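Chains as they are written, first to last, in the numbering used here: chain A, 1 to 337; chain B, 1 to 370.
The hints are simulated quantities; they were obtained by calculation from the structure and are not laboratory data. Remember, it's a predicted structure, so these values are computed and weren't measured experimentally. Hints are not guaranteed to be accurate.
Partner residues are not named here, just some residues of chain A that face chain B (Cβ under 10 Å, in silico) [said to hold, decoys possible]:
| no. | residue |
| --- | --- |
| 1 | K179 |
| 2 | S183 |
| 3 | D211 |
| 4 | L288 |
We treat Cβ as the ideally placed atom computed from N, Cα and C, and that holds for glycine.
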Amino acid sequence: MADVHIKNVTRSFGDHVAVSGLDLRIADGEFVVLLGPTGAGKTTTLRLIAGLERPDAGTIEIGGHDATTLSPAERDTAFVFQQYSLYPHLSVFDNLAFPLRSPARRMPEDQIRRRVEEVARMVRIHHKLANRSTKLSGGEMQRVAIGRALVRKPAIYLMDEPLSSLDAKLRADLRLELKRIQSELGATMLYVTHDQIEAMTMADRIGILADGVLVQIGSPRAIYSEPANLHVAARLGQPAINLLPAGLLPDGGAPAGTRTIGARTEHLAIEKATNGHADGVVDWVEHLGDQNHLHVTVGPKKLVTLTDPDTDLAQGDRVVIRYRSPLYFGADGQRLM
Amino acid sequence: MAEIRVQHLRKAFGDFVAVQDSNFVVEDGEFFVMLGPSGCGKTTTLRMIAGLELPTGGQILLGGDDVTMLRARERDIAFVFQLFALYPHMNVRKNIGFPLLAQGMPSAEIRTRVEETAKLLRIDHLLDKSVSGLAGGDRQRVALGRAIVRRPKCFLMDEPLGTLDTEFRDLMVHELRELHNRIHATTVYVTHDQMEAMSMADKIAVMNHGVIEQFGSPREIYDRPATMFVADFIGSPPMNFLGFGGGLAKGAKEIVVQGARVPVPEVREDIAPTDMALGIRPEHIRFDDASRLRGAIYGTEYLGTTQIVAVETADGIIKARVPAELRLSTGDHVGLALNSARLSLFDKGSGRAVRTAVHDTASERRAQHG
Chain A
1 MADVHIKNVT
11 RSFGDHVAVS
21 GLDLRIADGE
31 FVVLLGPTGA
41 GKTTTLRLIA
51 GLERPDAGTI
61 EIGGHDATTL
71 SPAERDTAFV
81 FQQYSLYPHL
91 SVFDNLAFPL
101 RSPARRMPED
111 QIRRRVEEVA
121 RMVRIHHKLA
131 NRSTKLSGGE
141 MQRVAIGRAL
151 VRKPAIYLMD
161 EPLSSLDAKL
171 RADLRLELKR
181 IQSELGATML
191 YVTHDQIEAM
201 TMADRIGILA
211 DGVLVQIGSP
221 RAIYSEPANL
231 HVAARLGQPA
241 INLLPAGLLP
251 DGGAPAGTRT
261 IGARTEHLAI
271 EKATNGHADG
281 VVDWVEHLGD
291 QNHLHVTVGP
301 KKLVTLTDPD
311 TDLAQGDRVV
321 IRYRSPLYFG
331 ADGQRLM
Chain B
1 MAEIRVQHLR
11 KAFGDFVAVQ
21 DSNFVVEDGE
31 FFVMLGPSGC
41 GKTTTLRMIA
51 GLELPTGGQI
61 LLGGDDVTML
71 RARERDIAFV
81 FQLFALYPHM
91 NVRKNIGFPL
101 LAQGMPSAEI
111 RTRVEETAKL
121 LRIDHLLDKS
131 VSGLAGGDRQ
141 RVALGRAIVR
151 RPKCFLMDEP
161 LGTLDTEFRD
171 LMVHELRELH
181 NRIHATTVYV
191 THDQMEAMSM
201 ADKIAVMNHG
211 VIEQFGSPRE
221 IYDRPATMFV
231 ADFIGSPPMN
241 FLGFGGGLAK
251 GAKEIVVQGA
261 RVPVPEVRED
271 IAPTDMALGI
281 RPEHIRFDDA
291 SRLRGAIYGT
301 EYLGTTQIVA
311 VETADGIIKA
321 RVPAELRLST
331 GDHVGLALNS
341 ARLSLFDKGS
351 GRAVRTAVHD
361 TASERRAQHG
């Protein structure tokens with residue numbers, strides 16, 4: 001494993017700037033997740049590191065060496081694509097062994113067997129090693145695809161939404177496994193996704209990408225609790241952060257220049273109004289089972305927060321709402337301290 | 001709008017029984033969701049209600065009329081496949097009005113109807129815009145408008161949000177439910193996504209292998225799952241199970257799991273000795289060193305306000321949802337304290353839930369509301 005250092009990299013396709021002045025250092029053994037919508041530049045970044053794209057400007061260092069002009073084969077990266085691409089005519093074992101059997105490596109067969117079995121256990125596919133890859137379920141195929149990257153010990157693993165084609169339950173299981181495997185291996189990993197849950201649950205650091213620009217990078221806790229601007233604040237959290245105009249509710253502590261107040265569940269105290277004054281009215285209590293959402297109308301705005309499943313609030317109740325150290329944003333959308 | 005009554009509905013394709021003896025009533029104005037994994041029979045049921053598939057047995061009543069053998073177009077329903085296929089060369093007005101034009105409605109009437117529909121969806125300011133220039137949410141609203149403009153007796157929707165990005169899907173789920181609150185059209189909605197079902201449904205039928213495992217409100221299904229399949233299918237993460245042996249006697253208030261005594265809701269039936277499972281929702285677990293039910297932390301998943309903690313116990317991994325402030329490390333040993341009032345008990349062999357005090361509050365509540 002190695003660290004990867006991207007320095008001021010730009011890549012355009014015609015008029016469209018896919019990645020713009022990107023600076024990113026991924027430390028040895030670190031799990032970095034780039035989070036952004038379709039078209040943010042996530043996949044292009046991965047392809048630049050893998051050598052499938054050349055930057056228009058900037059350099060890429062892998063393990064301390066300039067790799068900018070190296071071919072993909074010379075870079076020692078392992079790529080897992082969104083759509084698993086297995087060799088249909090080969091067994092699970094042979095699919096996993098394939099990267100080790102390249103003529104350049106000359107790895108002895110008993111060593112290959114040991115490594116394949118070790119990885120197969122890691123991705124929990126060891127009971128199907130003899131199966132043809134076409135006889136597997138979607139989840140199993142994707143585990144083989146991930147395993148095929150893991151049999152090698154490259155400088156960095158590059159993963160492009162590898163879980164997005166799986167059903168919710170399997171995705172939840174594999175999230176936990178992938179994080180565990182990565183930390184056991186001490187692997188350097190760059191993982192891109194548009195799913196905030198994947199980013200929050202797996203990353204050591206999350207990079208928020210928007211229109212080819214890295215807007216903020218930090219630990220999930222830092223990105224969640226100290227977003228740099230409105231864009232980042234809105235990308236994380238379920239239900240989404242409430243963005244309310246200054247002055248809508250009493251906001252005594254707001255710094256000068258506050259235009260918008262960002263309030264998540266933990267930033268709001270909501271209680272049934274006892275006497276005359278009320279700030280809002282309960283629209284509806286949405287029972288989602290594990291998560292229960294309280295919808296409150298405040299003037300022209302709607303608030304959504306998590307609430308206790310056994311809350312005594314009900315539709316039509318008038319409530320008093322107070323902020324508890326919320327987030328403040330200025331007219332330019334940047335967070336004010 | 002109308003009630004949909006399904007009686008002893010059955011569908012076989014050769015030897016394969018897709019739907020076995022289904023019975024349910026969707027009341028007038030209800031949002032009904034059929035939920036289950038692929039191949040469970042939910043889409044086949046929907047297609048029979050639509051008239052796209054003829055049942056092997058049973059009856060379908062729409063607003064009291066037997067429509068079992070009627071053709072699709074004789075049923076006055078709207079089938080929404082995917083919500084975002086629009087005619088790109090037509091403007092919003094023409095897209096919404098298209099189904100009425102196809103019916104041969106006079107153009108003045110079409111105009112009024114389209115405008116009413118657009119107002120309902122709050123897109124009346126976009127009527128003369130081209131659909132190709134619209135933002136995603138507005139495109140979906142136009143597609144919805146096209147479905148509701150005909151004012152059919154009921155709506156049938158088959159995974160209409162299936163291919164959308166998560167973020168956009170959450171938005172559309174609320175949009176659909178809000179629209180329903182405004183027009184109260186009887187709706188049958190098919191999905192494999194439990195979050196969609198929990199967010200939108202008045203009633204849910206959870207299906208598995210052609211059988212309705214449970215029919216009830218989202219809350220009933222979540223709090224009192226009738227089978228282990230339902231308990232596992234609903235919830236994210238789903239219900240945890242811990243195995244225990246022996247029987248249960250009526251009146252029992254405690255069981256022994258992994259050597260620890262666990263208080264449970266009072267048991268209401270006798271169960272002969274067999275393999276049993278204790279069912280625990282992730283949010284009903286707290287960490288408490290005094291508990292004898294113990295495990296080691298396998299991993300944590302930070303979610304912002306809460307976190308999911310996976311704990312490896314003698315009987316596999318248990319997931320707990322706890323506040324995000326709690327700092328925990330992999331390998332830490334923890335005791336698990338369970339919220340006794342909210343636990344479920346199952347017969348592992350049949351998967352059926354054991355009757356406990358949790359269920360009598362349910363029937364009392366039903367009695368109160370008549």
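Do the hints match the structure? See the list:
no.: 1; hint: K179; result: 6 Å, holds
no.: 2; hint: S183; result: 8 Å, holds
no.: 3; hint: D211; result: 16 Å, violated
no.: 4; hint: L288; result: 5 Å, holds
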